[in-house]
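Based on the hints, put chain B in the right spot on chain A.
Here the protein sequences come in this chain order: A and B.
Residue 1 is where the first sequence starts when you use the numbering used here, and the numbers rise one by one after that.
Residue 1 is where the second sequence starts when you use the numbering used here, and the numbers rise one by one after that.
The hints are simulated quantities; they were obtained by calculation from the structure and are not laboratory data.
Quantities reported herein were computed from a predicted structural model and do not represent experimental measurements.
In this text, a Cβ means the ideal position worked out from N, Cα and C, and glycines have one as well.
Misleading hints may appear alongside valid ones.
[Stated by the list, open to error] So, partial list: chain A residues that the calculated Cβ filter (under 10 Å) puts toward chain B:
| no. | residue |
| --- | --- |
| 1 | 22 |
| 2 | 24 |
| 3 | 80 |
| 4 | 204 |
| 5 | 460 |
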Amino acid sequence: MTDKLARREPERFFSDRFSVTPGLMERLLGDNLAGRVDDADIYLEYRVNEELVLEENVVKKASRHVSQGAGVRAQSGARTGYAHTDDLAMRNLEEAARQARAIADRSGTSGVVAVPGRGRPHDLYTLAEAPIVTELARKLDLLRKIDTACRAADPRVAQVIVALTSEEVVMLIATTSGWTVGDVRPLTRLNVTAIAEDGGRREIGSFGGGGRVAFDFYLEAERWKRFATEAARQATLKLAAVDAPAGAMTVVLGPGWPGILLHEAIGHGLEGDFNRKGVSAFAGRVGQKVASELVTVVDDGTIANRRGSLNVDDEGTPTRRNVLIENGILRGYMQDRLNARLMGEAATGNGRRESYAHPPLPRMTNTFMLAGQDDPRDILGSVKHGLYAVNFGGGQVDITSGKFVFSASEAYLIEDGRVTKPVKGATLIGNGPDALTRVSRVGHDLALDEGVGTCGKDGQSVPVGVGLPTIRLDGMTVGGTAV
Amino acid sequence: MSDLDATLLTDVLKRATARGATAADGFLIEEQSFSASVRLGQVDTVTHSREQRLALRVFAGRASAAASTSDLSRESLERVVDEATALARVTSEDPHAGLPDASELIQHVPELGLEDHEGPEPTPEEKIELARRAEAAALAADPRITNSEGAEYFDRRARYAYATSQGFARGYSTSSFGLTVSPVASKNGEMQRDAWYTYARRRRALEAAESVGRTAAARALRRLGARKVKTAEVPVIFDPDTAASLLRSVAGAASGPSLYRRASFLLERLGTRIAAPAVTIVDDGLVPGALGSRPFDGEGLATRRTVLVGEGKLESYLLDTYSGRKLGRPSTHHATRDGGGVSVGTNNLMLLPGPASPDELIGSVKSGLYVTELIGFGVNGVTGDYSRGAAGLWIEDGRLAFPVEEITVAGNLLEMFEHIDGIGNDLVLRDRVAAPTLRIARMVVAGD
Chain A
1 MTDKLARREP
11 ERFFSDRFSV
21 TPGLMERLLG
31 DNLAGRVDDA
41 DIYLEYRVNE
51 ELVLEENVVK
61 KASRHVSQGA
71 GVRAQSGART
81 GYAHTDDLAM
91 RNLEEAARQA
101 RAIADRSGTS
111 GVVAVPGRGR
121 PHDLYTLAEA
131 PIVTELARKL
141 DLLRKIDTAC
151 RAADPRVAQV
161 IVALTSEEVV
171 MLIATTSGWT
181 VGDVRPLTRL
191 NVTAIAEDGG
201 RREIGSFGGG
211 GRVAFDFYLE
221 AERWKRFATE
231 AARQATLKLA
241 AVDAPAGAMT
251 VVLGPGWPGI
261 LLHEAIGHGL
271 EGDFNRKGVS
281 AFAGRVGQKV
291 ASELVTVVDD
301 GTIANRRGSL
311 NVDDEGTPTR
321 RNVLIENGIL
331 RGYMQDRLNA
341 RLMGEAATGN
351 GRRESYAHPP
361 LPRMTNTFML
371 AGQDDPRDIL
381 GSVKHGLYAV
391 NFGGGQVDIT
401 SGKFVFSASE
411 AYLIEDGRVT
421 KPVKGATLIG
431 NGPDALTRVS
441 RVGHDLALDE
451 GVGTCGKDGQ
461 SVPVGVGLPT
471 IRLDGMTVGG
481 TAV
Chain B
1 MSDLDATLLT
11 DVLKRATARG
21 ATAADGFLIE
31 EQSFSASVRL
41 GQVDTVTHSR
51 EQRLALRVFA
61 GRASAAASTS
71 DLSRESLERV
81 VDEATALARV
91 TSEDPHAGLP
101 DASELIQHVP
111 ELGLEDHEGP
121 EPTPEEKIEL
131 ARRAEAAALA
141 ADPRITNSEG
151 AEYFDRRARY
161 AYATSQGFAR
171 GYSTSSFGLT
181 VSPVASKNGE
191 MQRDAWYTYA
201 RRRRALEAAE
211 SVGRTAAARA
221 LRRLGARKVK
231 TAEVPVIFDP
241 DTAASLLRSV
251 AGAASGPSLY
261 RRASFLLERL
271 GTRIAAPAVT
281 IVDDGLVPGA
291 LGSRPFDGEG
301 LATRRTVLVG
311 EGKLESYLLD
321 TYSGRKLGRP
331 STHHATRDGG
341 GVSVGTNNLM
351 LLPGPASPDE
361 LIGSVKSGLY
371 VTELIGFGVN
381 GVTGDYSRGA
391 AGLWIEDGRL
401 AFPVEEITVA
411 GNLLEMFEHI
421 DGIGNDLVLR
431 DRVAAPTLRI
441 ARMVVAGD
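Looking at chain B on its own, in the form it has when it is part of the complex:
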């Protein structure tokens, strides 16, 4: 971390102690970002930004409060510290509140390759050109691609610094780059939109612009002619992106705050089977150069590889220090930080691949649904009840037969994971959460 960041954090924490705080920690984020969108070949919106934010947590004995500010002037920082320490005096004593033990904090920050050092930095024009090329490839892919919501390039560089009133101070830097394209296909008055993206820590790891554009076009085109189907209980195959969303729901239910509130369908399930034996889900914060990697969590604890579900068995919860203490367990080093304090989040969350190719999985279905998009918020984290809007392709006799839309898929997450009877070999860690193609033996698809 830079001397400047260390000095700023140390000063803030010193002032908190002087104001009566018994302990405090601070997380400082400084970021610079750029984005450029292009639509139908013309520049649409270009955004430059520079932001910084200090998130502070103070303890008055066993009571705590949080504050954050984007104004890092001395006067403002002093005000924030004073307000937070005053707030901490009115909150309730909580025997589980407090910083992690100093001995647990990370000592050596590993180099995870999270920052792109390869120069030179492209000009804004070159970045805009990347978006233009991606969109052009989508528009040129087929005459039925008639319109576009545009393509966007973005990059972001950030520095993170964490310090505690016990004298700990460490930091790290990251970069990320992305390109996304959203073409519109149309035929006989019907319009369908879809999108594709590439996202990476290093500029050179981005997929080629033309390839992103072509994939986006193919995804929009295959939706043309979509129709509803009759309500039925059938096998359902989730493509990797929609399968990843199922993992997020499991992680949410396995997170400490959901558990100590008893608001989780995984309550009292630790050590028991919650999924088919073929299912293993890991969270790994140390994958070199990956988007979800970070050397330490929001409380300065070293990230690691956690097996969340091992061969169908729930092997770990996801905990920060506070929720761990509430549940009588050590932190699993999954604290994340926002202005409001500390919460729990995953790093690189993955369902490990199985033996089947996606084609084999589709080929195994006589009549069923291949899901490529899910919309809505119909997931109940307390019961696991699941009901979401879907679009995709209908499978007939082992082949993708025609596109479908305006349907829902429903079930219960515990039953869905228990009924996973096919896992694809196509896991690619292209975002912070990733899964291979998954086949679920049966779900209710509602339509006509």
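Bound-form chain A, shown alone:
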């Protein structure tokens, strides 16, 4: 359990617990790195994670994990040296700094000075009680209530799995630019999975949510009950689903989580590293039209209590609201410090890492499309034959060719402007640079997702958010089996 103190003062937390003070960190950077590399930083992290799983109406799994460590990074030019250790003793940090420097030591000097972190960190998720410290008994009681509610929702629900994770990360970063900043990040997520059976047919449905919120978030307006009944509904709905259609057709995406379209179709392609290297399908296209004029997409790390939000990113840069596409025109990329420096741009607060064991990369925070004018009912009514997809599993993109997929977990046929039969899960595939040019209607019903997203890149996972209003896309390929 992290100390109460940590919640207010990451600096004192690391100094009391591990005797690593900002002064020591600065000295370490100064002695080993300053003046010899373009940029360097030391990142300290302490993480406590708790996972509770209820299955077959019993608490099947209860686990608690502690990890701590430091990552030292030195950069010169495009070269990065990274060393990390899970032992925070000073001699290990010095050794890590030496290793990082040996790697990055410049061969030719680039003369570029790192852009120091500017601005004040936000205060987006100060909580009265962090979810990690909430009493176990209250948590277990909620899990049991969810199990009961999910089974009560439909007699065909045969199995229920409820998982609650709570986490707290205390981080502190010191950079050669003289910037030391810390953050304490609470995070929780509740997931309900229902397995329904009917006459030998079985299906699975899941639903959940969370964020940088207190445990009470799940109790507000009986949110937990909605998660439970949604999971049951998703599973039982699929029992009656027909084969998904195959081929190109009009697709209407519902609000909220279908925003994963943006994450895959354009989000990754707009991360600074891929564009600096010229390997993204969007490289060199700032200022060009990449979407319908109805489309404005932002990545915003500053929304209070959201899963993808951060007060400062993992390089100490305060997060911000970055407009990626404005009325169809590509406005800019998401940057960490390294790629910003090399591209002569500003860091955008998108430098993120999974943990101290990973060097930062440009990553998304909360990525969504702004609301339009249309009534969602009119959008559906405008489609003669198509697919209405409202919930999705995961997605993936090949940023070089631009091809992306995302898999619908809840979708329906649209026939003559009406939503009719539910269809089995199907993968939707498209081409990032032109997918958003196919947007022909944008609803006024922007919603952000419930708070379950995790994004993977280069083997690193980070929590993210997405959002979307109802939109109509013309000519998307749907990968069903009904020819």
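Okay, now just chain B, sitting in the frame of chain A:
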């Protein structure tokens, strides 16, 4: 195992017992790794790391809890033990929870050749040079290779130690080495990326850097000019890498936790036919020097060779002690360990080769798809419904005619395995899961 590891584990387990645990086990992993990436001939990122982690499981009668920590200081270990034993008191009694019977635990740990002892250790510069050579070979392969996401060399040495509160303690060490290259080919504004890799327990078993680079380049080049095709139901050939991904889905559905949750398309199929008679799938933990080999599983049970599917029939599930007891069967020694406790995983999972050369399989298709890449997560483990994004080459009159992309392949895994009507002779165990080229009689390919 080293005396230090044994002492640390024994102390931790003793404390758990002193705190009221009726039984406990611990898995200790210590690893050191190095990686170096090079892009366009320049060093990009070099990473050094040293990590350790203790995963602990404690039982209070029939209730259990797990905890893990990367902080192996005495104070922290004591805290972890105390928290885990406290957690175990609030979890529910479960009649099936518990350690395996002590008599089942491995006695003699076999030497599987999992650790490279050949010296001397190359310098970081020599390792970087390997990545540089691999990338250079890719860049030099063709003028249309115009860019690169880089090449990466990595190595890792790890020690594993397992102990139980009944006094059992064993360990083993491994090493692994790898090299991967991702070149970008371009032509008329179109860009295509692909990659190739080599991965082995011994440094000398790595494929030559230049050869990895050339293969990666050839794979990226053959994607240039890719287009969509019309939606159709056609024969589909999976190359060895994409075929291997189909095995992972079968293993997932055959694993104990999926089965006792009734969340598997292989439920109640043990002993029945689930694939074409030509299909045999084995999991073998004892292949000398292989990447998926290990002497014992996450609960100290000796690994072995398991026939998962024999001539089309589902012959075994994949079980740890807990899921085995839930299903009324003995463990198949497939426990894996992570911080959260015990789960089920495979060792070296392989679909055994057939008689046909890959060219013969391609030659047997009049009009169909040769899949070289799959993306997305469109596999439903409960129903077997399958729909994934694909890229590859279109086959016309028995020849690879042109590259295709932005298409999906869809079907149902049970039907797909039933409709396997061609198995290649090209099985190579180059990763933990391996398959030869597979031909599936028909699947729906969606495009325009």
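How the hints compare with the structure:
1. 22: violated, 21 Å
2. 24: violated, 19 Å
3. 80: holds, 4 Å
4. 204: holds, 4 Å
5. 460: With Cβ-Cβ at 12 Å, over 10 Å, it is violated.
When the structure is compared with the earlier hints, violations turn up for hints 1, 2 and 5 and for no others.
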